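There are 6 protein chains.
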Amino acid sequence: MSQINEMKDGDEFVGFYLIKESEVKQTNTTPPKDFMNITLSDASGQVPAKLWDATESDKELFKALSLVKVQGIVQLYREKLQVKINRIRKANAADGVELTDFVRAAPAEPETLVARIRAAAAEIADAEVRTIVAYCLDKAGDRLLHSPAAKSHHHAYYAGLAYHIVRMLELGDFICAQRPFLNADLVKAGIILHDIAKPEEMVSELGIVSDYSNAGKLIGHISLASLWIAEAAFKSGIDPDSERVMALQHLVLSHHNLGEWGSPVQPQIAEAVALHYIDSLDAKLQMIEDALESTASREDWTPQIRGLENKAFYRMKL
Amino acid sequence: MSQINEMKDGDEFVGFYLIKESEVKQTNTTPPKDFMNITLSDASGQVPAKLWDATESDKELFKALSLVKVQGIVQLYREKLQVKINRIRKANAADGVELTDFVRAAPAEPETLVARIRAAAAEIADAEVRTIVAYCLDKAGDRLLHSPAAKSHHHAYYAGLAYHIVRMLELGDFICAQRPFLNADLVKAGIILHDIAKPEEMVSELGIVSDYSNAGKLIGHISLASLWIAEAAFKSGIDPDSERVMALQHLVLSHHNLGEWGSPVQPQIAEAVALHYIDSLDAKLQMIEDALESTASREDWTPQIRGLENKAFYRMKL
Amino acid sequence: MSQINEMKDGDEFVGFYLIKESEVKQTNTTPPKDFMNITLSDASGQVPAKLWDATESDKELFKALSLVKVQGIVQLYREKLQVKINRIRKANAADGVELTDFVRAAPAEPETLVARIRAAAAEIADAEVRTIVAYCLDKAGDRLLHSPAAKSHHHAYYAGLAYHIVRMLELGDFICAQRPFLNADLVKAGIILHDIAKPEEMVSELGIVSDYSNAGKLIGHISLASLWIAEAAFKSGIDPDSERVMALQHLVLSHHNLGEWGSPVQPQIAEAVALHYIDSLDAKLQMIEDALESTASREDWTPQIRGLENKAFYRMKL
Amino acid sequence: MSQINEMKDGDEFVGFYLIKESEVKQTNTTPPKDFMNITLSDASGQVPAKLWDATESDKELFKALSLVKVQGIVQLYREKLQVKINRIRKANAADGVELTDFVRAAPAEPETLVARIRAAAAEIADAEVRTIVAYCLDKAGDRLLHSPAAKSHHHAYYAGLAYHIVRMLELGDFICAQRPFLNADLVKAGIILHDIAKPEEMVSELGIVSDYSNAGKLIGHISLASLWIAEAAFKSGIDPDSERVMALQHLVLSHHNLGEWGSPVQPQIAEAVALHYIDSLDAKLQMIEDALESTASREDWTPQIRGLENKAFYRMKL
Amino acid sequence: MSQINEMKDGDEFVGFYLIKESEVKQTNTTPPKDFMNITLSDASGQVPAKLWDATESDKELFKALSLVKVQGIVQLYREKLQVKINRIRKANAADGVELTDFVRAAPAEPETLVARIRAAAAEIADAEVRTIVAYCLDKAGDRLLHSPAAKSHHHAYYAGLAYHIVRMLELGDFICAQRPFLNADLVKAGIILHDIAKPEEMVSELGIVSDYSNAGKLIGHISLASLWIAEAAFKSGIDPDSERVMALQHLVLSHHNLGEWGSPVQPQIAEAVALHYIDSLDAKLQMIEDALESTASREDWTPQIRGLENKAFYRMKL
Amino acid sequence: MSQINEMKDGDEFVGFYLIKESEVKQTNTTPPKDFMNITLSDASGQVPAKLWDATESDKELFKALSLVKVQGIVQLYREKLQVKINRIRKANAADGVELTDFVRAAPAEPETLVARIRAAAAEIADAEVRTIVAYCLDKAGDRLLHSPAAKSHHHAYYAGLAYHIVRMLELGDFICAQRPFLNADLVKAGIILHDIAKPEEMVSELGIVSDYSNAGKLIGHISLASLWIAEAAFKSGIDPDSERVMALQHLVLSHHNLGEWGSPVQPQIAEAVALHYIDSLDAKLQMIEDALESTASREDWTPQIRGLENKAFYRMKL
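Protein chains in written order, with full-length UniProt numbering: chain W, 1 to 318; chain U, 1 to 318; chain F, 1 to 318; chain H, 1 to 318; chain R, 1 to 318; chain L, 1 to 318.
Treat the hints with caution; some may be incorrect.
Interface residues of chain F toward chain H, partial, derived using beta-carbon atoms under 7 Å [unchecked claim]:
1. 215
2. 218
3. 219
4. 220
5. 223
6. 226
7. 227
8. 230
9. 234
10. 246
11. 250
12. 253
13. 259
14. 260
15. 262
16. 265
Sample of chain H residues with no beta-carbon within 10 Å of chain L, all distances over it, derived [said to hold, decoys possible]:
17. 3
18. 64
19. 69
20. 71
21. 91
22. 95
23. 124
24. 143
25. 170
26. 212
27. 214
28. 294
29. 297
30. 300
31. 312
In case anyone wonders, no lab produced these hints; they're calculated from the structure.
What you are looking at is a predicted structure, and each value in this text was computed from that prediction instead of being measured.
For glycine and all other residues, C-beta sits at the position ideal for the given N, C-alpha and C.
Isolated chain W (complex conformation):
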């Protein structure tokens, strides 16, 4: 079985893959014929494929998120690899393959990641802050096991959100140790809560976002998280106007730093500034790390990265 990032021109192969995207197109012949553009993927990467002379049954069967067995040939076409599909069928129980084996995912088990988040939440000293964080984690629930952190911006894969939070918690611990004037409870809570409503903002399956929800568009994950905190306070009998609830609201609302980036207020407590920069640092470095990994090692430059001033990144040879 052939891993996608190891394919090269001329390879003939048989293997199982996940269809990530699929569309029907028509040739310009008279009469026109249908063919399919299919994006095959596995945990190592993805490659475009063509299925010529697609039947009605093909169009019905080979939709996005299907697991399929493919026999094909790899061709170099306009300097990029492309697969010509000769045979294709849906995977079945007898094949003994699992969908999740073919999905791009954070480099750690979702359960482990969520457990570490839960453990950090449990370490929060202030009882009311701890209660609110726990409530919001419960509300996110199982969605935290698979939700990506964004549609394509950063950590856009299975359990990407949980992975992002865990790495930020590590960085947060370091910063709080380096600067004891920071309130470690607030830094922890801010990290866990800042994107906690992302699973409600986006519609995703297997870490692949297909759309934003109506609430995601009309309210946005920042204000949704603020509403979750209010709900947590109401349901737990915590004074919604208390200093600590105000602090949590402020952390969530200000974490995009500027109005034009979606924050209705700007950071005005030290922990909010820390949160914003911890978030940026983790997101930006992950974008580059992921881009370098999914760029063929023979290439010096990654594609341009939107979240980094639309710059391509150079693979230093040192």
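Starting from the known structure of chain W, fit chains U, F, H, R and L onto it as the hints suggest.
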């Protein structure tokens, strides 16, 4: 008794005034002496005044928001009128003057304004929307009788907020009649709720804002109003995820139109666009109307107005 | 005869339609063959169509703005409806169809709209302002009966400009009644004149703009309108430096509010601010109303609208 | 008689000077006393002066634009030179001094400058363009002999506008010779007309601008110049819609290059781009040359210059 | 032999051309076939061409920068001219054609241009400045004979950089004559050095830029030129901290005027402002001149030009 | 001896202080008298003071950076503490006080800080990178012991630059451990070099910046550091065009992230992004920590901080 906007150079006068601002300064003589810069105001306008050789008792007595009786003389100083205070004392019960007579206020009784808002709220056809609006009006409570709409931007006077809402409701009714595709309930609710948390954002007395509250700075009136709506839903047993609650949240959150103006989401329903422009139209025209009124009629140009691209406005002579 | 907004997958139909756009393309076969992409439209909407194996005669006959009789079939292709044309011919006198019946138009008779504008112009109290407005209406002449208000931004259809002016006049009357300090003559004149040179800025037929004129590009409709006012004053013996002509010039020049939106000066009289916001309110709400109407009722969201921060709009289900 | 730019600490002097600005201030003594802050100027520069214990007569006599005889002493005060006035009186006929000798002025006779502009205008080959330019020069009339090019931005002195035009004409001739594809008539005409309405935009005497006119604020010199061109065409029987009039309008309207700098349209003919850069080059270099000249030669850096990104400029020692 | 800018619909021709760009595409037939999109160019312009049924040998032979002999026919396709290639072969020695005859180039011999730059450099009076300029010219070396000034922005052709420098030197001489306060040595040196590292920033052949170099992307031509100056000083024993080296560094570093245009410091000496505007004036006017030349004379408007606010330019008919 | 941050209204005290700023002003009495505004400081903070009736000798003696003995009284004046100086003299050898005891400084010994930077530099694995870093540290020399990191933006005190570097190195180590794909040598080198030319950009004594140097203004610390790296390579025989020198140049040049913040290129290697965010995180949090410390503990809000979107920061009470 001399009304401030009728004073002219050389007038000697006795009258009652409200101290709007007051500060102690020192002369550069050796030894330096204390004097006071006092802003006298009445319902018609305001004028700077000097109290030379201020005693400790003066400094204690003549603070902001005091009502005083003044005997003074009007002088033209560097092309502007200024009062030299000869005698001054605090007003007392025997004087029979009321603080509120000296305060700049909306051109309608606060009770009448609030009654009109209540009446509009009662006309909302949708029961849940009506319930939420009523809850928020109750939460604003008596503060709505006196709260200004802003610190200095627009409608910055006694009952300014209520007056702003009433005028917007009139305009909203017209627009909804002109364009039946708009949901009149949402337009009404959006107008009443959009600035409903302003009294919590600002600390004001007699329509004069002395500061922003901590919640005002850290959360802001837009997100505070969003939290009020959530509270209203919780307390009234209304589904917080329903279409109508989402619509109310969206109206409030988007009414500043752009991120850089404080809205975390941009308008994405027709009623939100209507709300934004009704708000702008009423606020901007009021700013000009107020500026023209408080500019001496012999002046062709008002001072520059910050909320209008920092432009001065011309008094057309047609 | 089948109305376009009622077509559904599988329909076979015969009907008359207006060709809104038409282009010849080539298949990639060897040798390549010509086919045509044609946009069919009627008053209810528009739909893309394909005419395969187009002959030289087809290419000559079926150009934009032709009225044609089509026999075809509706197909769902990549989630959108598309027509396959089986037979097509130009409409002729015997068919008894009128081009204008197939054109998207303002929801009122052009003659009625222009009559209402003329009536409003006649109500202007100031004789010189009235004379200038009348002169400019005469100069616009019959073009006002059909000119759209913009190429695609808003009111981009037959008589769209006149409709925009009429609705703004209604709103202007309301605002002037609500705020008597405004000069109603100037508001009326500003509304009628603000876009009066649009027909000179754009080349349009049947409300469809094909291009901007040279003067439109090099001078722009704002400065053109300013020149019309000057011409009106010269021809009518009115002092071009008078207060009222200066006011009219200012209204027209400042109505886009900001330099980056094309206004060489910013509003500095109250009526100019009113004009700008009345214009915005009417244009923006019309964009949304039109977008919701031409979006299939089964869709929750309109396409993105450029003039509204490029946001899609939600069809609230209340 | 002491020239201002040669004054140094401790000098006692007697001389004639022009009062450029004058204001009355009060000491903080009890009772306060009046003194005057007077800006003395001559053709070489300006210096602040103090007249203590000012009498009513002093306040009446020593206003801006008066020519006075002063006996005073130069003092270094907080690192800057300042004059203490001991005696002062108005200059009279017997003194044999001329106001214009004390005014900062372009380094050439106004009559010579205007003659050169007239000569360049007469060289325009196209009769209609030549007629329009001549008309506008006549309309500017004698104001061109003294008008500055701006209030403070650049060429802000007696005959500054004419000097600016003359130097631009020299540069324009060079560019047209270097690039024959440019239409030299249009370049000449654009240079002469681009700021021709400045004298109508600003109220100035002796090259000192005291204010902007109402038309200057509400219409602006760019649109005013456009109206002058239209007037020229009307009065001279030239078709206002002709290619050449359109070109002149475009040159004037676009010469600030961007909307945010006041141009309603952007340059779209080569000559308009040339005009914009010739204008910028001349204005910017003149600002620096003037700043270096009026900065004491012992200073390495000029004050910050607003029109040059608010940068100070360095006097290179090469 | 047919010159490209003289081709018209229906022409059959045989001639030699340079392939500027070349790509292989596939038809949508089953099985798909390869064809080639080739851009043919000569010194007069360029035209798209199609080579159907491309063989493996075709794909190998007809790459960018090949000189070929073509027999073809000109067709009007969607309002643009296009060539259908019937026969094509590589040019050979016997054909007696030179690659450079087919390349778009500056309108002067490269050797002449470089000689004029060398001559100007030799005229620099200050020995150290002259030495540094000479060192950098040597370092640029023969690359100056062919390097374009930019990838596509301006002077994007053979010897474009040298031509740009020569024309700027002419303009610089004029400005220095007009304004003697400018240091002519610095203006000359600034003009020669400002883009001197462009050949290191870009990878080009025959004036056609295929890519930016790694150093070009990571350091940029502005900082590279600064490093060349430092190297020149080190190698020539000139004090790197001297006033004149600082001046040269400043000229190069500030010549893009603003941070967002790539300059780490803003102009703070007069010569730097002169340099920036001389550079802009020459680049912008050349862009328009080139666009007008390569636009068919029957077209009134050029395509949009990115470096000029993305505006199209009008060919005035005067 | 009274520490400044412990002074309160009414205190009479004698103590030694550093004069941070000093200016002579004049009273408005006739004749005017001189007095001095002096800023007294010690390691705990600073307070304004007045010395009335200043003699010529006072004006000569009590300049900035003098160490003085003061007998005075603390007064509350307009809500702020101020000292009235009764007696003042210069400190002398017999007083046994050290200037450096009165200076605001980083919370660690300069020698320790520099030793830690040296140690980190010695750990760099790559010999050439290590050589260049060592060269630049040598060039900065003793200035690193006292130089602040900025004039007022952040770390604006004695040894502030060294402290900033040390804390960034700690954070850099953590990030490199967390993300092994980063090149730790480059991160270390980037941190040490990014502001290494600050001591050449600013003129400072005792950590107090009095001005920017000419090279600081005309070249800027970013390009100066780039030139230091080039010098290091030349002097050490390292290839200036090698991958590693290019990487160091890129790190320094891009560390302000955006052109408008002074970087001529944007980060295009992962380590450059890490460097920018480590720099921001350390600078921003230090600004807040310092502001909270120097704000009286009874105040809830710090003054506005320019480097943090001009926001004041809230002292959370948790």
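Tested hints:
For residue 215/F, the shortest C-beta to C-beta distance to chain H is roughly 6 Å, which falls under 7 Å, so the interface hint holds. At about 4 Å, the closest approach between the beta carbon of residue 218/F and any beta carbon in chain H falls short of 7 Å, and the interface hint on this residue holds. For the restraint placing residue 219/F at the interface with chain H, the shortest Cβ-Cβ distance is roughly 5 Å, inside the 7 Å limit, so the hint holds. Given hint, residue 220/F at the interface with chain H, holds; its Cβ is 5 Å from that chain's nearest Cβ, closer than 7 Å.
For residue 223/F, the interface hint holds, since its Cβ comes within 7 Å of a Cβ in chain H; the closest pair sits about 5 Å apart. Taking 7 Å as the C-beta contact cut-off toward chain H, the hint placing residue 226/F at the interface holds, the least distance being around 6 Å. At its closest, the beta carbon of residue 227/F sits 5 Å from a beta carbon of chain H; the interface hint therefore holds under the 7 Å criterion. With 7 Å as the threshold, the beta carbon of residue 230/F comes within range of chain H, its nearest partner Cβ sitting at about 5 Å, so the hint holds.
For residue 234/F, the interface hint holds, since its Cβ comes within 7 Å of a Cβ in chain H; the closest pair sits about 5 Å apart. With 7 Å as the threshold, the beta carbon of residue 246/F comes within range of chain H, its nearest partner Cβ sitting at about 6 Å, so the hint holds. Annotation: residue 250/F was flagged as interfacial toward chain H, and the flag holds, the nearest CB pair being 4 Å apart, inside 7 Å. At about 6 Å, the closest approach between the beta carbon of residue 253/F and any beta carbon in chain H falls short of 7 Å, and the interface hint on this residue holds.
The beta carbon of residue 259/F comes within 4 Å of a beta carbon in chain H, closer than 7 Å, and the hint placing it at the interface holds. Evaluation of the residue 260/F hint against chain H yields a held restraint, the C-beta minimum of about 4 Å falling below 7 Å. Using the Cβ-Cβ criterion of 7 Å, the hint placing residue 262/F at the interface with chain H is satisfied: the shortest such distance is roughly 5 Å. The beta carbon of residue 265/F comes within 5 Å of a beta carbon in chain H, closer than 7 Å, and the hint placing it at the interface holds.
With a minimum CB-CB distance of about 27 Å to chain L, residue 3/H clears the 10 Å threshold, and the non-interface call stands. With a least CB separation of 22 Å from chain L, residue 64/H remains clear of the 10 Å interface cut-off, as annotated. Residue-level check passed: residue 69/H sits 23 Å from the nearest beta carbon of chain L, beyond 10 Å. No Cβ of chain L comes within 10 Å of the Cβ of residue 71/H; the nearest lies about 17 Å off, and the non-interface call holds.
At roughly 27 Å, the least C-beta separation between residue 91/H and chain L is larger than 10 Å, which holds for a residue marked as non-interface. Distance check for residue 95/H against chain L: the nearest CB is about 30 Å away, which clears 10 Å, and the non-interface claim stands. Distance check on residue 124/H: its Cβ is at least 43 Å (rounded) from any Cβ of chain L, clearing the 10 Å threshold; non-interface status holds. No Cβ of chain L comes within 10 Å of the Cβ of residue 143/H; the nearest lies about 41 Å off, and the non-interface call holds.
Residue 170/H, annotated as away from the interface, keeps every beta carbon of chain L farther than 10 Å; the closest lies near 30 Å. Annotated as non-interface, residue 212/H keeps its C-beta farther than 10 Å from every C-beta of chain L; the closest such distance is 31 Å. Once the 10 Å rule is applied to beta carbons, residue 214/H is consistent with being away from chain L; the minimum gap is 36 Å. At the 10 Å boundary, the C-beta of residue 294/H stays outside the reach of chain L, the nearest C-beta of that chain being 21 Å off.
Every beta carbon of chain L lies more than 10 Å from that of residue 297/H, the smallest distance being close to 17 Å; the non-interface claim holds. Not every CB of chain L lies more than 10 Å from the CB of residue 300/H, the least distance being 7 Å, so the non-interface label is violated. The beta carbon of residue 312/H sits about 8 Å from the closest Cβ of chain L, which is not more than 10 Å, so the claim that it is off the interface is violated.
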